[in-house]
Amino acid sequence: MKNCYKEYGNSYQMQWKWDQFRIRRITGDPLANSATDEGKSLKTSEIAVSPSNKLVQGDWIWYVTRGVTDPKSVWHNYKGKGLVVMVWADGHAGQFSLPFNRHP
2 MKNCYKEYGN SYQMQWKWDQ FRIRRITGDP LANSATDEGK SLKTSEIAVS
52 PSNKLVQGDW IWYVTRGVTD PKSVWHNYKG KGLVVMVWAD GHAGQFSLPF
102 NRHP
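With the working numbering applied, the sequence shown closes on residue 105, and no number is skipped along the way.
Rather than coming from a laboratory, the hints here were simulated on the basis of the structure.
Take these hints with a grain of salt, some might be off.
Claimed, not checked - Simulated pairs of lysine-lysine, DSSO-like, Cα-Cα distance not exceeding 27 Å:
no.: 1; residue 1: Lys18; residue 2: Lys41
no.: 2; residue 1: Lys55; residue 2: Lys41
no.: 3; residue 1: Lys44; residue 2: Lys18
no.: 4; residue 1: Lys7; residue 2: Lys18
no.: 5; residue 1: Lys3; residue 2: Lys18
no.: 6; residue 1: Lys44; residue 2: Lys55
no.: 7; residue 1: Lys55; residue 2: Lys18
Generate the whole structure from the sequences, applying the supplied hints.
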């Protein structure tokens, strides 16, 4: 894929299908068994517990497998730093410095 905007209609992504990297998923996989966590979306009642702390989505490279120095990703970050724009469940957006070692 050369252009995520053309493929998905935006250049942001959310955590889906499973919980990873200290992030709760937002959406489940519609093809997975709905009785499993993988097939379940996060409930609004779960989000309502602390919406100002719930990451909803962010710039494409926020996800741990996206490199901040990869030529396909650099337009999303600031000088090769893990600093991206994120959106939280309470509606605010802002720069977020990725707190974990993404590429050991």
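(message) Of the numbered hints stated earlier in the document, which are not met by this structure?
(response) Structure breaks no hint.
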